[in-house]
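Participant: Next come the chains, spelled out residue by residue.
Number of protein chains: 2
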Amino acid sequence: MNLILFDPAETATPLPLTDPRAQHILDVLRRSVGETFDAGLINGPHGKGTLAAIDPLTLTLTFSWGSVPPPLDPLTLIIGLPRPQTARKILQEATALGVSALHFVLTDKGESNYARSTLWSSGEWRRHLVAGAEQAFDTRLPEVTHGRTLAEVITALPHNAARLALDNYEACDALSECHLLRDIPKPPIPVVLALGSERGWAPRDRDQLRAGGFTLVHLGPRVLRVETACIAALALVKARLGSMQEPACRRF
Amino acid sequence: MNLILFDPAETATPLPLTDPRAQHILDVLRRSVGETFDAGLINGPHGKGTLAAIDPLTLTLTFSWGSVPPPLDPLTLIIGLPRPQTARKILQEATALGVSALHFVLTDKGESNYARSTLWSSGEWRRHLVAGAEQAFDTRLPEVTHGRTLAEVITALPHNAARLALDNYEACDALSECHLLRDIPKPPIPVVLALGSERGWAPRDRDQLRAGGFTLVHLGPRVLRVETACIAALALVKARLGSMQEPACRRF
Numbered sequence: 001m002n003l004i005l006f007d008p009a010e011t012a013t014p015l016p017l018t019d020p021r022a023q024h025i026l027d028v029l030r031r032s033v034g035e036t037f038d039a040g041l042i043n044g045p046h047g048k049g050t051l052a053a054i055d056p057l058t059l060t061l062t063f064s065w066g067s068v069p070p071p072l073d074p075l076t077l078i079i080g081l082p083r084p085q086t087a088r089k090i091l092q093e094a095t096a097l098g099v100s101a102l103h104f105v106l107t108d109k110g111e112s113n114y115a116r117s118t119l120w121s122s123g124e125w126r127r128h129l130v131a132g133a134e135q136a137f138d139t140r141l142p143e144v145t146h147g148r149t150l151a152e153v154i155t156a157l158p159h160n161a162a163r164l165a166l167d168n169y170e171a172c173d174a175l176s177e178c179h180l181l182r183d184i185p186k187p188p189i190p191v192v193l194a195l196g197s198e199r200g201w202a203p204r205d206r207d208q209l210r211a212g213g214f215t216l217v218h219l220g221p222r223v224l225r226v227e228t229a230c231i232a233a234l235a236l237v238k239a240r241l242g243s244m245q246e247p248a249c250r251r252f
Numbered sequence: 001m002n003l004i005l006f007d008p009a010e011t012a013t014p015l016p017l018t019d020p021r022a023q024h025i026l027d028v029l030r031r032s033v034g035e036t037f038d039a040g041l042i043n044g045p046h047g048k049g050t051l052a053a054i055d056p057l058t059l060t061l062t063f064s065w066g067s068v069p070p071p072l073d074p075l076t077l078i079i080g081l082p083r084p085q086t087a088r089k090i091l092q093e094a095t096a097l098g099v100s101a102l103h104f105v106l107t108d109k110g111e112s113n114y115a116r117s118t119l120w121s122s123g124e125w126r127r128h129l130v131a132g133a134e135q136a137f138d139t140r141l142p143e144v145t146h147g148r149t150l151a152e153v154i155t156a157l158p159h160n161a162a163r164l165a166l167d168n169y170e171a172c173d174a175l176s177e178c179h180l181l182r183d184i185p186k187p188p189i190p191v192v193l194a195l196g197s198e199r200g201w202a203p204r205d206r207d208q209l210r211a212g213g214f215t216l217v218h219l220g221p222r223v224l225r226v227e228t229a230c231i232a233a234l235a236l237v238k239a240r241l242g243s244m245q246e247p248a249c250r251r252f
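Those protein sequence lines, which keep their order, are chains A and B. For what it's worth, our numbering labels the leading residue of the first sequence as 1, then goes sequentially. For what it's worth, our numbering labels the leading residue of the second sequence as 1, then goes sequentially.
Hints are supplied without guarantee of correctness; some may be wrong.
[As the list claims (entries may be wrong)] Rough simulated footprint, nothing fancy, chain B against chain A, three-plus residues with beta-carbon under 8 Å:
1. 28-40
2. 96-102
3. 157-165
4. 173-187
The set of hints was computed from the structure by calculation and includes no laboratory data. Every residue gets a Cβ at the ideal spot worked out from N, C-alpha and C, and that includes glycine.
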């Protein structure tokens, strides 16, 4: 946790000691009364929190807010609904990497059971976004949907987006060499990157992707886990979008 | 597990049913006697295994071996010894991504306790390499060392290697834009990529890296976990080395 994020409503009341953020402030950051820590308002400004008082059951915190971080990358990820353990990693890592939107979709080979996981029904999914943003020293969370069909999500994509789908079987173009990304204008148009579930795309999924204007691309001869492929592909796309040029130290 | 790997000595004797590979052949691949599966000899050829007999305590397997996969990428990773849980992920993911060598080094800010983990003393570390190679459909494992100092490892690097160290604090150049990688000759010279431990590099580490010919580079404004930074940086370097151009389907 490089930054501790709060929902706006949470900043008006004391923080229960049972909240993991309270433990982090006391046990990891070892802050005493009067000391400060890096804080942020979710989808709002960066700032400083001050530990104003330690009570038997709560911490009293005060805040001073600064500037709002820049927008997220114009990058949408579509992912065939994976098993919950994989979805947790993707929620956190894709947020840390700065995508604007994450759509977990039903595909032909996907397990529709996964959509009924408590990850989605309990709201747990949002915790992984917050953890990813806190890691990345950002306050912004991506938009997330889950359980819609691939076709529904494709229909709702921005019209001008460059559309790429990773495929180990039928892709001819390497993502790393792909003209769609090489010739991307500045400022960049939105990019949509689609990944199948663990079992990959079914023929009907590929038909929908192609009809939706997607180019099938690959990541080379080595077969990667979905979450690894996500990170590798996002890194390659972000490099082409020019969103890895400014160093992190300017933000601290 | 896209491929099941065996040490050469293991192919001469029946496989105990308690071995996870036996369970995988029966329960995940659901093979019956006479059926085949994708197999490989560690650091040797790809091939096919045949389930010849199911006995009360063992599986009898026979093998036919084919071609040896191409060499790994000329890519060495140096990593400040991280906590064991992070090291496990890096061992597996860096192997899946095809690095030739992985050196887990002692740095000034590293926890020397981590070097005494059972991950290293029990030989468990090698299991994660095998899992990574099986995932990637490759038979080759990288060379791994752990517990040497950063200075010792730098001294033993190939003389002609391009040397890059990730740094969130003092790097001026973006890895994605870095001239050292843009101007890499074909066939490529070896590339060495160094990452600090969770707490980053200390001033003395940076001095050693600079004296050893390393250029400090960054991955952009977002602060990533060590294992995420590893995957993202390896993807960018591999793209520049040209090692993501051939699709995986040619290997199946």
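Participant: List, from low to high, the hint numbers that the structure doesn't satisfy.
Facilitator: 1, 3
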